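**Student:** Read off the chains here:
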Amino acid sequence: MAVLQRVSSTLRAMFGRERFERAMADELRFHKDAYVDDLLRRGVARHEAERRAAIEFAGAESLKEDLRAARGLRLIDELMQDLRYSLRQLRRGRGFAVVVVLALGVGANLAVFSVVYAALIRPLPHPHPERLVSISSRDLTRNRDHLTSPLDFFDVERRTSSFERVGAYYPPGFTLTGNGPVERVPGARASSGVFDVFGVRPVLGRGFRPEEDKPGAPPVAVISHGLWTRRYQQSTSIVGQTILLSGNPYTVVGVLPEGFHSPAMWPRMPEVWVPIGLDANVGRRDTRMLRILGRLHPEVTLETARADLDVVSKALAAEHVQTNATTGTSIVSLSDQLTREVRPSLLILAAAVGALLLVACGNAAGLLIGRTLERRHEFATRLALGAGRFRLVRQILAENLVIGLLAALGGFGLASLVSGVLVATAEAAGVPRASEITIDGRLLVAGVVLSLACTTLCALVAAFETTRPRSNAQGAFAARTVTPGRHRSRALLIPAEVAFSFALLTGAALLGRSFYALQSTDPGFDVNDVLTTRLSPPAARYPAGPVLAGFYDRVIERVRAVPGVQTVSVVDWAPLSGFGASIGFTTPERAVQAVTARDLAELRVVDRDYFTTLGIRLMAGRGFGTSDRDGAPMVVVVNESLARAQFGGSAVGRQLVLDRDGSITVEIVGVVGDVREFSLRVAPGPTIYAPKTQSPWLAHETRDIVIRASSDSRALAPVIGATLRELESDLPVGPVQAMDDVVAASLVRPQFYALAVMLFAVTAVLLGSFGIYGVVTSAVIQQTRELGVRLALGAPRIDILVRAASVGVMPTLVGLVVGVPLAFGAGQIVKQQLFAVDATDTLTLAAVVVAMAGVALLAAILPAVRATRVDPISVLRCQ
Amino acid sequence: MAKPADLLPGTLDMLILKAVSLTPLHGYGVLLRIKQISKEALDVPQGSLYPALYRLEHQGLINAEWGESDNNRKAKFYTVTAAGKKRLKEETAGWNRLADAIGAALNATVDDTEV
Chain A
1 MAVLQRVSST LRAMFGRERF ERAMADELRF HKDAYVDDLL RRGVARHEAE RRAAIEFAGA
61 ESLKEDLRAA RGLRLIDELM QDLRYSLRQL RRGRGFAVVV VLALGVGANL AVFSVVYAAL
121 IRPLPHPHPE RLVSISSRDL TRNRDHLTSP LDFFDVERRT SSFERVGAYY PPGFTLTGNG
181 PVERVPGARA SSGVFDVFGV RPVLGRGFRP EEDKPGAPPV AVISHGLWTR RYQQSTSIVG
241 QTILLSGNPY TVVGVLPEGF HSPAMWPRMP EVWVPIGLDA NVGRRDTRML RILGRLHPEV
301 TLETARADLD VVSKALAAEH VQTNATTGTS IVSLSDQLTR EVRPSLLILA AAVGALLLVA
361 CGNAAGLLIG RTLERRHEFA TRLALGAGRF RLVRQILAEN LVIGLLAALG GFGLASLVSG
421 VLVATAEAAG VPRASEITID GRLLVAGVVL SLACTTLCAL VAAFETTRPR SNAQGAFAAR
481 TVTPGRHRSR ALLIPAEVAF SFALLTGAAL LGRSFYALQS TDPGFDVNDV LTTRLSPPAA
541 RYPAGPVLAG FYDRVIERVR AVPGVQTVSV VDWAPLSGFG ASIGFTTPER AVQAVTARDL
601 AELRVVDRDY FTTLGIRLMA GRGFGTSDRD GAPMVVVVNE SLARAQFGGS AVGRQLVLDR
661 DGSITVEIVG VVGDVREFSL RVAPGPTIYA PKTQSPWLAH ETRDIVIRAS SDSRALAPVI
721 GATLRELESD LPVGPVQAMD DVVAASLVRP QFYALAVMLF AVTAVLLGSF GIYGVVTSAV
781 IQQTRELGVR LALGAPRIDI LVRAASVGVM PTLVGLVVGV PLAFGAGQIV KQQLFAVDAT
841 DTLTLAAVVV AMAGVALLAA ILPAVRATRV DPISVLRCQ
Chain B
1 MAKPADLLPG TLDMLILKAV SLTPLHGYGV LLRIKQISKE ALDVPQGSLY PALYRLEHQG
61 LINAEWGESD NNRKAKFYTV TAAGKKRLKE ETAGWNRLAD AIGAALNATV DDTEV
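Sequences listed follow chains A and B, in order.
Following the working numbering, the residues of the first sequence are numbered contiguously, the last one being 879.
Following the working numbering, the residues of the second sequence are numbered contiguously, the last one being 115.
Chain B on its own, in the form it takes in the complex (with noise of 0.2 Å):
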């Protein structure tokens, strides 16, 4: 297993906006998530997890509500709103969009070259 990557920059408001899309989570739940759907391949520290929760909070992108824990405990859990979707979905697009032409850039040959 390689080492977890670094996030790139205004990447992990992303993240948890699709982490929290699926299904309600808790903070700790977001960070287990990202590991999972990302394959272990991202880590994020709780350091930037909270602070990045609370301003999604504070922006009205998701909402937080507190409820019990699958061991019974309460907890906060995250869902994401309205305007946290069409965030999400512009973000993904605008990702993919950035994706394809980092990745058909960095893939260019020779032959893709006018001289």
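Just chain A, same shape as in the assembly (with noise of 0.2 Å):
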């Protein structure tokens, strides 16, 4: 209690500082005053009264300064005293230039720091994240993970015992409609146990049943909160009402809970899910499309889990050998399943600013001592006038703790001046959990401590550097007249500057040279004066067979008729849309063997002038014509690589067996040249095109929409729109893209990192130029007098050139050398994200040396100029 009545009262003192300052002045006037009345009515004379009053009160200056300390004000006074002067200092000397260089540091790293939190660490916003995991099936032939079939999953789901709960789901949007606008919803075909795996529970009705995860499930719908809200103001009878999707009725059972949302959905989280066993596949093997969660038994490893699924993939593989014999399966926990495509980026970028961070706190470290060496006169001074030494300590704290505030407020205000533009890039780059991306005040506080630490840090190395022996009193006299030797941790300053830097250029020129690789790849059709749209036609109205082909034959028409339209086509995926289906084939000749596993391609079924639309080149035989009618023989075109691989080049006339309908034979008709079908990374694999026009594919839904203008397709984008809202109102109609946006749209990701590492290394090396630029400056400052000496004597100008750049250039090159690992390293760190470059590309590491080496070279030469221009004369006269 009573600690406690004195800090409140030193703190009111504190904050109400000018009242108490004036209160105390007034309680001594008055005394002076009465003191005064009091001898005058003693019968002093007034003069004599105020003489004896104004003795009296001789000291009053120190008195208040007792009244002041009585209060606990003086610790904090002197305390103000020394960060007053420090700001001062900072105004005057080169500590403004630390806190800038540290702000630069500090901001840097605070904001990638915030987006690796949300990307990587923090955790799924849900119950015990830690035992979610992800189950794919794997082609166990080319060891790529791939979507599940609906009987592999619940065979999984029956035959495991190492998971609470598995669930399965498929992404489909639905259109709705009735009670309100037509809206396009995100959606999910969902098993029974989604919810159960993300441990929610329905706040309104229920979730799914287990009987409706099998064929003839009754058509309800579970919705979520915010749709619940949005178009349904939340009225409680929703449970029980019919809703319109995509044009069929479904009832709601259920209504989930506010706030569930998962970044696992993928890949937006749905609005509205209805159950798997409405769907037409759900008997299949054959048919690919799930993907499976699950929830860990509580002490259940990820080894038991894997153990118990290869055991159930291996039964299957024997069990259904035309399907499985190649599948197996793989889990990952959730978490790593999220950002394992963006954790090598993201890790490159964290290096690349710990990078940025170390140059930055070298190059303050540098300063910090060439400062601190500026005043080895004051305080020399100071000392000798008898300043304690505590105090001397507490002032260089406190200068330090003003530096390191100011910086982390400042790299703060960086984080957050661009953390705008931070979270649309990270959105833009894919980056997962963007949108959860803060800037607030624990990064504030994670900003404090990494400043303090860097200042900390670096005044250690200043006042090693100046409490060194030669920096006693004497010599700090002696410094201003006498050479000094050199600072030996400044020389090593400069090269550790180098060396970062000259990594981090490494890894940004071989992230800047795969960028320009991937740009320049041929995607393997011509981008330009394409258009491409997505139309998504309701089930419903349209089911898929003859009424949805005549409604496709109905908008290429009028899509064609539009003017500046060349060509239109329709695709079931389109190049670079990141989606795809796959086929498995086989040739008849092995076909007849046993049983034998099939090999993988890329199918897609395509519409007439599919080939030219897109201006994919056709190698050998022919496209598909008007004669490849339902009925005609059954043809397709295969892509170079199938061709290469399965027939050894000439492929036209050549048949194959594809895994359709039990199994088909078909000719091929056409070779055309690769195609880049996910992304221009990808390097094409075999692709088998099938003409949408002849059964079995008539039944294939063709989504995506292709169309070359004669030319500024851009123009015609909202045009081709316009008309593909006409041909019905409540068409869903997906945005008209020019492919050309759509190769750079998938160019942004590579961009941003390979920017983002380019911009840090530009910085460090700014930084540690500027480093070898003070080093040789405040060199030659120091060394006037013997340069003058010199040239007086007659020294070619040249040789005191070589000379004072010596102090810069030495330290650069052993910067240069000890970076070559580093720069290799950097090369190994950066490998993964590379592509078409090696990680020890020589041209790249070549031009990085001479653009490193010329930089810092000039940082060092130019000062020295100056030291070529020294006036002999004046010099001596000057000492």
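Just so you know, these hints were derived from the structure itself, not from any lab.
None of these values were measured; they are calculated from a predicted model.
You may find that some hints are simply not true.
Label-pair ranges, simulated between beta-carbon atoms [said to hold, decoys possible]:
#, chain 1, residue 1, chain 2, residue 2, range
1, A, Ser8, B, Ala41, 34 to 44 Å
2, A, Gly441, B, Lys74, 44 to 54 Å
3, A, Gly441, B, Asn72, 38 to 48 Å
4, A, Lys64, B, Gln36, 24 to 34 Å
5, A, His47, B, Gly10, 34 to 44 Å
The beta-carbon is built from N, C-alpha and C at its ideal position, and this holds for glycine as well.
Got two chains here, each in a separate frame; can you build the complex from them with the hints?
**Tutor:** The following block contains the structure:
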């Protein structure tokens, strides 16, 4: 209690400082006046009374100090003095530069950390997220994970024991009509286990029942809290009501809780959930369409679960040879799965920004050393005048505190400033959970800690340097006239800065070259003047088959009639859409052998004119034509990769056996060039193109429309959009995109990382160069006398230049040598992300060395030139 | 009149508490009151008085409030707090015990000492 009373008394005086001071002055004046009055009353003359009072209060100022001390204000006053002095010093000296340098380093680190935290570290928003796993089927011949067929999923659910619950879903979108505007909502066909896996219970109604996983499930739906609020005003009577999804009636049976959101749901969080049992393919083993999520039993490890799954997939491979012979299962923790793709890139970013901080720290330490050296005279004087050693130490600490706090604030400000851009870029670059990036108080705390750690480090280096024996008071005075020796730690800082900048620049250069290579990769088709868009005709009105085919015929007809359109075609998944389908195939020769594993190929179902529309090169044979009607001989077109791998080149006229409706035999009528279907980065694999005009492809859903314009496709885009919307009032039409924009969008991500690392690298190189510049400059200033004498004795100016510059050149060279292994290390770090560039690419390394050495030497030589302009006469006179 | 005696260390706080416990006083008043109740025997220099007042206020033993003095001037008046009263009682008791003991010791005669 007593302590509290005192603290509050001090705080009151501190924050009501002005009032405290005024009250103190008033009180003492009253005392003096009352004393004078008393004396007057006793008959003392006025001037005598005032004289006595003045004597009495001669020590008023020191009395006031005592009174402040009585309130505990003194320590605070002295601290404030230190801080104010530090600020003044900062304004004057290089302190401000230190703050800027550190703020840059800290700001960049905070920004990157906020991204890394949201994407990699922050736990998933579900109970016991560590027990959540993602399960995939795996193509054992190609070692690639893929989606799982419904029957495989049910076997996993039934035959494993490691999981509390497993759930599967796939993400169709729905068109929501009736009771409001037409709306396209993200949806999911999900098994009954999905909600249990997430540990979520409907706030209203129920989830799905196990029997709804089977064919013949009733048309029911569970909706999100958001949709319930937005469209149904949270009406509790929604349960039991019928809603229209893509034209079909569904009965709402449940509403999910508010805030239920999982970054695991791909590609977007569904707003409408319907049972998997409603899907036409739910009874198939050859249709791979499901994503599986699981919740492990407590205490069950990933390894146990993996072994458990292996047993199941081996059994399935034996039981269902045709579909499962080469199918395995893979399992990873859900958080690993979500971050797997982005983790290496983000770690590169973190490493880069960490290196930048090191360079910034080195630079700041160099500045602080220079600053402390320049002030040795001041410190020595103050010590000589009797200043307490503790007081000086305290002042140095206070200065570093001020620098650290200012740098933290600056860095935090920088991070907040870029946070908007950061979130947008991170989202565009596909960083998971980018929307959860926050720049908040916790980050400020992190910044303060980071910044203070850096300044403490720098101060220690500086203190080490200045407290070395030669920097005693004598040395301090002598330093002005005697050539100083080399400062060891400063000499270490430059190579360190150079080495880290060098490594950073190497990483950036490799990423940059890799990005350039990616950008100039031929996608296998002509992206110019091509538009693409996606239609989602409601399944109820356009059931797959002749009705849907007729619909697309009308679409093509209408679009082709638009002036400026050259050709139009449709395809199930356009190149670079990020989606695709695959099909098992073999050759007739191999098919007659007993049971064999099938090869997998990408399957694209296309319409006539597809190859001409996209400008895909026809290498041999022909494309699809009007003769390829239903009933005519079944034909396909294959890509070069498949032709080469299966037939050694000439594939036209050969046959393939495809896994479709049992198996069908088709004839190859043409070979086209390889197309990068998934992304520019993924090398093309064997691909089969089938005509949508023949069964069994008639029932295949072709969603993507591709259009070649005669010129200026972008101007045509809105016209096409309008034309499509005219077809039918409530037809959901996706955005009409120019294909080169799609390509550009796929490059955003590598571009983001390459640019970010390049930005850090350039900053680091600049900081390093300033460091070198500073060292050489101060060396030149300190050696002015020596250089003047040498000039006077007739030394050639070029010698002077070399001598002065060597202070910066030597450590630079050391830095470059030390930097080589670091640069190779940087190459290893970025290796995984490189495309068509080797991590030890000689050309890149050579270019980086030349650039780094060039900049560093320039930084050393520029200030050295000043040394040659020294006027010997004035130098000698001066001393 | 004898020359005012120097204060024993630690007694000033006690005297101030006593002075302001009788009636609210301003700083100059405290000075006069101590002089008066000690029958002019004790003189407190203002260089010690004010630090003591500020210390006591800091410790929460006395309260300060601005008010009007006799000649209508603004002055800061001190009053004793509950904690101050308690402290005064303790100190007085302590002082009395000490004074008795010292008095007894100084008045001792040969008879009182066992040899």
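**Student:** Decide, hint by hint, whether the structure agrees.
**Tutor:** Structure-based check of all given hints:
{"no.": "1", "hint": "A:Ser8 with B:Ala41: 34 to 44 Å", "verdict": "holds (38 Å)"}
{"no.": "2", "hint": "A:Gly441 with B:Lys74: 44 to 54 Å", "verdict": "holds (45 Å)"}
{"no.": "3", "hint": "A:Gly441 with B:Asn72: 38 to 48 Å", "verdict": "violated (53 Å)"}
{"no.": "4", "hint": "A:Lys64 with B:Gln36: 24 to 34 Å", "verdict": "holds (28 Å)"}
{"no.": "5", "hint": "A:His47 with B:Gly10: 34 to 44 Å", "verdict": "holds (39 Å)"}
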